[in-house]
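Undergrad: Going by full-length UniProt numbering, the sequence shown opens with residue 1, and the numbers climb by one from there.
Check the hints yourself; a few may be wrong.
Okay, derived cross-link-like pairs now, DSS-like style, lysine-lysine, Cα gap no bigger than 25 Å in a straight line [unchecked claim]:
{"id": "1", "residue 1": "Lys-105", "residue 2": "Lys-184"}
{"id": "2", "residue 1": "Lys-179", "residue 2": "Lys-161"}
{"id": "3", "residue 1": "Lys-161", "residue 2": "Lys-175"}
{"id": "4", "residue 1": "Lys-199", "residue 2": "Lys-184"}
{"id": "5", "residue 1": "Lys-199", "residue 2": "Lys-96"}
{"id": "6", "residue 1": "Lys-179", "residue 2": "Lys-199"}
{"id": "7", "residue 1": "Lys-161", "residue 2": "Lys-184"}
{"id": "8", "residue 1": "Lys-199", "residue 2": "Lys-110"}
{"id": "9", "residue 1": "Lys-184", "residue 2": "Lys-96"}
{"id": "10", "residue 1": "Lys-199", "residue 2": "Lys-175"}
Please keep in mind that the hints were generated in silico from the structure rather than gathered at the bench.
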Amino acid sequence: MPIRILTVDDHPLLREGIAAVIEGQPDMVLAGEATNGREAVDAFRDCRPDVTLMDLQMPEMGGIEAIGAIQREFPGARIVVLTTYQGDVQALRAFKAGASGYLLKSMLRKELVDTIRSVHGGRRRIPPEIAAEIAEHASDDALTLREVEVLRQVAAGNGNKRIAVQLSISEETVKAHMKNILAKLDANDRTHAVTIALKRGFIEI
């Protein structure tokens with residue numbers, strides 16, 4: 001029996017590229033496609049694939065949320081994340097949600113087929129650079145949800161006073177959060193903190 005694959009991505013060109021790769025493999029078949037997380041959950045119910053290839057950044061429902069929804073209904077689901085994001089935070093979120101593999105879109109041409117076979121065989125796959133990033137930050141203090149909210153506001157170009165209004169907290173509290181954020185991320189200033197947070201996947205633009 002060929003490995004049945006569901007592809008979930010909002011970019012048609014990427015789905016077409018994956019379909020072409022799968023068609024060239026004698027032991028694989030494309031079972032279905034979806035363009036967002038909500039469609040992915042429905043498509044999974046309909047076609048019950050062996051392996052699902054899941055993008056993270058999608059409209060309506062993102063990949064992490066979709067992985068969690070599928071895993072709650074089908075605990076044995078084998079899902080490989082496809083993403084452009086190399087951050088350790090995004091990868092950890094994906095694995096905690098129930099992903100079995102993590103693949104950067106830049107690696108698709110070289111790694112896709114082996115990753116599908118590996119995950120189908122019950123193994124986990126994670127690129128060495130992502131694993132190294134996770135290991136490097138394993139002992140770091142995680143940002144709290146409120147600190148992430150503050151960073152999102154900073155990334156949007158808001159000053160402390162505006163952030164305080166937006167989050168219904170005092171300006172002193174915003175300053176305290178920023179002090180904690182700079183320490184946790186080992187950042188020199190606000191701009192540096194945003195750069196680090198984007199790279200590691202705490203926030204997205």
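Undergrad: Please go over all the hints and tell whether each is borne out by the structure.
TA: Against the structure, the hints:
For the proposed pair Lys-105 and Lys-184, the alpha carbon gap of about 29 Å is over 25 Å, so the pair is violated. Restraint check for Lys-179 and Lys-161: satisfied, since their Cα atoms lie roughly 15 Å apart, inside the 25 Å limit. With a CA separation close to 10 Å, the supplied pair Lys-161 and Lys-175 stays within the 25 Å bound. Proposed proximity of Lys-199 and Lys-184 is supported: the alpha carbons are some 15 Å apart, at most 25 Å.
The straight-line distance between the Cα atoms of Lys-199 and Lys-96 is roughly 19 Å, inside the 25 Å bound, and the hint therefore holds. Between Lys-179 and Lys-199, the direct Cα distance comes to roughly 20 Å. Compliance with the 25 Å bound is thereby established for this hinted pair. Straight-line distance between C-alpha atoms of Lys-161 and Lys-184 comes to about 22 Å, which keeps the hinted pair within the 25 Å bound. Between Lys-199 and Lys-110 the alpha-carbon distance is near 23 Å, which keeps this suggested pair within the 25 Å criterion.
Proposed proximity of Lys-184 and Lys-96 is supported: the alpha carbons are some 22 Å apart, at most 25 Å. Taking the CA atoms of Lys-199 and Lys-175, the gap is about 23 Å. The hint holds against a cut of 25 Å.
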